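Model the placement of chains B and C on the given structure of chain A, informed by the hints.
Chains as they are written, first to last, in the working numbering: chain A, 21 to 344; chain B, 21 to 344; chain C, 21 to 344.
For the record, the hints were derived by calculation from the structure and aren't laboratory data. There may be inaccurate statements among the hints.
[What the hints assert, rightly or not] Straight-line alpha carbon distances no greater than 25 angstroms define the calculated DSS-like cross-link-like pairs of lysine-lysine that follow:
| id | chain 1 | residue 1 | chain 2 | residue 2 |
| --- | --- | --- | --- | --- |
| 1 | A | Lys-216 | B | Lys-343 |
| 2 | A | Lys-108 | C | Lys-216 |
| 3 | C | Lys-22 | C | Lys-91 |
Bear in mind that the values here come from a model prediction, so they are computed numbers and not experimental data.
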Amino acid sequence: MKSTVKEIAEGVKARLVGDGTVALSGIASIESACAGDLVFVENEKHLRQALESAASAVMAGEFAAGQAASKPLLICSQPRLAFARAAKVLCAGSLGEAGVHPSAVVHPSARLGKEVRVEASVVIAEGAAIGDRTRVSAGTVIGFDVSIGNDCYLYPNVTIYAGARIGARVIIHAGAVLGSDGFGYVRDRATERYEKFPQVGRLEIGDTTVDRGALDVTRIGRGTKLDNLVHIGHNCQLGENVIIAAQTGLSGSIVLEDNVVLGGQVGIGEHARIEEGVMLGGQGGVLPHKVLRGKGVAFWGTPAKPVREYLRELAALARLARKG
Amino acid sequence: MKSTVKEIAEGVKARLVGDGTVALSGIASIESACAGDLVFVENEKHLRQALESAASAVMAGEFAAGQAASKPLLICSQPRLAFARAAKVLCAGSLGEAGVHPSAVVHPSARLGKEVRVEASVVIAEGAAIGDRTRVSAGTVIGFDVSIGNDCYLYPNVTIYAGARIGARVIIHAGAVLGSDGFGYVRDRATERYEKFPQVGRLEIGDTTVDRGALDVTRIGRGTKLDNLVHIGHNCQLGENVIIAAQTGLSGSIVLEDNVVLGGQVGIGEHARIEEGVMLGGQGGVLPHKVLRGKGVAFWGTPAKPVREYLRELAALARLARKG
Amino acid sequence: MKSTVKEIAEGVKARLVGDGTVALSGIASIESACAGDLVFVENEKHLRQALESAASAVMAGEFAAGQAASKPLLICSQPRLAFARAAKVLCAGSLGEAGVHPSAVVHPSARLGKEVRVEASVVIAEGAAIGDRTRVSAGTVIGFDVSIGNDCYLYPNVTIYAGARIGARVIIHAGAVLGSDGFGYVRDRATERYEKFPQVGRLEIGDTTVDRGALDVTRIGRGTKLDNLVHIGHNCQLGENVIIAAQTGLSGSIVLEDNVVLGGQVGIGEHARIEEGVMLGGQGGVLPHKVLRGKGVAFWGTPAKPVREYLRELAALARLARKG
Numbered sequence: 021m022k023s024t025v026k027e028i029a030e031g032v033k034a035r036l037v038g039d040g041t042v043a044l045s046g047i048a049s050i051e052s053a054c055a056g057d058l059v060f061v062e063n064e065k066h067l068r069q070a071l072e073s074a075a076s077a078v079m080a081g082e083f084a085a086g087q088a089a090s091k092p093l094l095i096c097s098q099p100r101l102a103f104a105r106a107a108k109v110l111c112a113g114s115l116g117e118a119g120v121h122p123s124a125v126v127h128p129s130a131r132l133g134k135e136v137r138v139e140a141s142v143v144i145a146e147g148a149a150i151g152d153r154t155r156v157s158a159g160t161v162i163g164f165d166v167s168i169g170n171d172c173y174l175y176p177n178v179t180i181y182a183g184a185r186i187g188a189r190v191i192i193h194a195g196a197v198l199g200s201d202g203f204g205y206v207r208d209r210a211t212e213r214y215e216k217f218p219q220v221g222r223l224e225i226g227d228t229t230v231d232r233g234a235l236d237v238t239r240i241g242r243g244t245k246l247d248n249l250v251h252i253g254h255n256c257q258l259g260e261n262v263i264i265a266a267q268t269g270l271s272g273s274i275v276l277e278d279n280v281v282l283g284g285q286v287g288i289g290e291h292a293r294i295e296e297g298v299m300l301g302g303q304g305g306v307l308p309h310k311v312l313r314g315k316g317v318a319f320w321g322t323p324a325k326p327v328r329e330y331l332r333e334l335a336a337l338a339r340l341a342r343k344g
Numbered sequence: 021m022k023s024t025v026k027e028i029a030e031g032v033k034a035r036l037v038g039d040g041t042v043a044l045s046g047i048a049s050i051e052s053a054c055a056g057d058l059v060f061v062e063n064e065k066h067l068r069q070a071l072e073s074a075a076s077a078v079m080a081g082e083f084a085a086g087q088a089a090s091k092p093l094l095i096c097s098q099p100r101l102a103f104a105r106a107a108k109v110l111c112a113g114s115l116g117e118a119g120v121h122p123s124a125v126v127h128p129s130a131r132l133g134k135e136v137r138v139e140a141s142v143v144i145a146e147g148a149a150i151g152d153r154t155r156v157s158a159g160t161v162i163g164f165d166v167s168i169g170n171d172c173y174l175y176p177n178v179t180i181y182a183g184a185r186i187g188a189r190v191i192i193h194a195g196a197v198l199g200s201d202g203f204g205y206v207r208d209r210a211t212e213r214y215e216k217f218p219q220v221g222r223l224e225i226g227d228t229t230v231d232r233g234a235l236d237v238t239r240i241g242r243g244t245k246l247d248n249l250v251h252i253g254h255n256c257q258l259g260e261n262v263i264i265a266a267q268t269g270l271s272g273s274i275v276l277e278d279n280v281v282l283g284g285q286v287g288i289g290e291h292a293r294i295e296e297g298v299m300l301g302g303q304g305g306v307l308p309h310k311v312l313r314g315k316g317v318a319f320w321g322t323p324a325k326p327v328r329e330y331l332r333e334l335a336a337l338a339r340l341a342r343k344g
Numbered sequence: 021m022k023s024t025v026k027e028i029a030e031g032v033k034a035r036l037v038g039d040g041t042v043a044l045s046g047i048a049s050i051e052s053a054c055a056g057d058l059v060f061v062e063n064e065k066h067l068r069q070a071l072e073s074a075a076s077a078v079m080a081g082e083f084a085a086g087q088a089a090s091k092p093l094l095i096c097s098q099p100r101l102a103f104a105r106a107a108k109v110l111c112a113g114s115l116g117e118a119g120v121h122p123s124a125v126v127h128p129s130a131r132l133g134k135e136v137r138v139e140a141s142v143v144i145a146e147g148a149a150i151g152d153r154t155r156v157s158a159g160t161v162i163g164f165d166v167s168i169g170n171d172c173y174l175y176p177n178v179t180i181y182a183g184a185r186i187g188a189r190v191i192i193h194a195g196a197v198l199g200s201d202g203f204g205y206v207r208d209r210a211t212e213r214y215e216k217f218p219q220v221g222r223l224e225i226g227d228t229t230v231d232r233g234a235l236d237v238t239r240i241g242r243g244t245k246l247d248n249l250v251h252i253g254h255n256c257q258l259g260e261n262v263i264i265a266a267q268t269g270l271s272g273s274i275v276l277e278d279n280v281v282l283g284g285q286v287g288i289g290e291h292a293r294i295e296e297g298v299m300l301g302g303q304g305g306v307l308p309h310k311v312l313r314g315k316g317v318a319f320w321g322t323p324a325k326p327v328r329e330y331l332r333e334l335a336a337l338a339r340l341a342r343k344g
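Looking at chain A on its own, in the form it has when it is part of the complex (with noise of 0.2 angstroms):
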């Protein structure tokens, strides 16, 4: 969507220095931009190199604030978040228009809202409710009962099985599956045979593959991000603000409180507990029922200690090696 340098100004609450007239029209890196495109430089170093660029106006920290600039500067104490603001202005796409296309099949009692829209091959089943200008891609099937809230965005080939609820505002990406029975089996000690135990209990909002809880219910809080092929299990409860990287696995029964961030191929076994702001790096590993705390106290390995106290272990390892 086209716009101003003056209009993108004030919608991020960057003061402007320069011509405010100059239209804008996407968003890009300092090496690929073209006329029309708005960059950012977090530090001075960048900054003659992005004044340099094809770009019509760049976003920058204060240190901009005095130099001499040929482009239109949008200065702000965070350009990289406002970056992003601008970027949601300009990069808008339609969301197409709404309705539902002929191809989808929508059972009578399922409710939708208002301009939603459901694209072709869609399948949504009996009890289901969809909410205001929520769109559901091509291929994407929606269980039994599941309620979904107003303004989410589900990709393509997405199933939601039976019972799940999806608050607002959850984009949900192409060929996620959610809220799955739960991976509980319960041994049969005369026959030494599995049997699968009851997963009754249910999903509220999440957006990758995350199991139903076995029966209580699984929650995921609000603004909480998960990447890729990432694995929930039964019953977890995840905080708001929580990131976690593509191909960590949760078993189940674990609580992950706010502002966690899990770095990928993370492993966590079941009732363990990660308390507030914990970060923990890439392939780390924590036992069950263990707990980590300690805001802003980074861990890594397996078992996950604090990372000094990991590092320290490597390097005596590596010491003792060179020994033989």
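For chains B and C alone, coordinates are given in the frame of chain A:
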């Protein structure tokens, strides 16, 4: 499905103490139980809490036999197992009506058994055969010449590649991919480029991402359970009652004997053999061609070793690091 | 497809010893071969077993040249490679008839090449372009403005996000998701909440879960093979003939040069560079911004180091633990 306490007790062979006419309509955890729910307790310390809950009946071990109880008790030697079996009755959902949805595309040569349910947007290719009472959920695609047994449940958006053989009572969760080409390449020494090695083997039974065998058949035994995002390479042979937790990966030509248990994020190299009853902890790694043996022996770490040995190493390293 | 031994020998440039008129109709392993099958042997010790099998002909190395043989021999310097090429002829399935299934939904502005096959329930969005002879299998969804080259094969239930560019002869397996948004967030220091960082770059070529670039373009070179459940983050650049085994994850802005080989479950931190021809063993981990170099050098462990060094450390630790 509604039932009485007496019917459930008889069905799971539990001893009834108290009023058998009480109606049951579901199961729950002690914390979330409502009237009509059955709950269970495995040890004495939770019995009181169960009796004070809103549940209508309690499944419990022999320890509860002599206790004064305000609710009907169902006493048996394996209460968790009996509870799981009771749940099968109380939570039995309708599988939906049999029939083929008009939007499904079923090749005229495909054979469907009795009371099969084929949902919207399903595609069933030439020569496929689907057993009696099997349910094929929306968006699932079944390839050329696939055979699926009786009483299977395929959730939405599953893909089954050509030629796979799926037994009876197999559950395949949403988004699973079965029988895809193995990952086999051969390098041309002259051009240094890779060419695809033929993958014409065939998958027999399974329930997650499973590669089709490279030349030979991939087999997965009865009662084996594979969690989310598991990868099984070509030519693997899995025994009966094997349990594999989420995100574990097996490369090609691996043998897992009966009753093997693998934790999450385990990785196993090609041609390794894990013998009967071995347990391998989460994130453990097994080198190619390696053999792990010992019924009931737990292994951990990469390369995997008996867990006691592994813990001794962790402790020795921690001591060494403290010494500096 | 049926062929004679002579035709196959000529096609793969093998030297024929014996009766060239023998008919071949498939390939097999020595253990499972039937009449009509071609098998191969790479060393002398399996030759006898191959000759005694039910196969109709044997592909073998020069070691077989002087041997008395009861079956036709196809002799060449790289029998595994020649066998793979023979398989392409003998196992060539029909790609199915060209045409658009009536249940597919193709936007009027989409351009389809010659002899394209679009199966049931496929959705192709506005502005997409599909090359000649490309097959789009059932349930696949192709986004706005995607371009796909000639002779590609998309298996069922694939999703390709808007704007991706896929080259020629690319194979995309079932359930793969290409070009989805990168996982990029920026934290507002004032509110301590995360906001989405714009992801407007574009994917070029690839065949598994591949994030769309964050601002810049993600490129995957010719001949590169990605196994199941691989995650490639935004802005990664993969060279030619790179091999990545299952469940490996790359975070953002990583460079893998030509001929890199990554084992399964490897994790690589952002901005790392793996130089030409490096091999990294399964479950290995590379820290952000790290560089691994050495053509043909094998690395292992987390953090990854040359395999000899790593094995020395494992041995030193085992000795230390034994001492107590």
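For each hint, the structure was consulted:
1. A:Lys-216 - B:Lys-343: Measuring from Cα to Cα gives roughly 49 angstroms; hence the hint is violated.
2. A:Lys-108 - C:Lys-216: Distance ~9 angstroms between Lys-108 of chain A and Lys-216 of chain C Cα, so the pair holds.
3. C:Lys-22 - C:Lys-91: holds (18 angstroms)
This entry does not satisfy hint 1, going by the numbered hints stated previously; all others are met.
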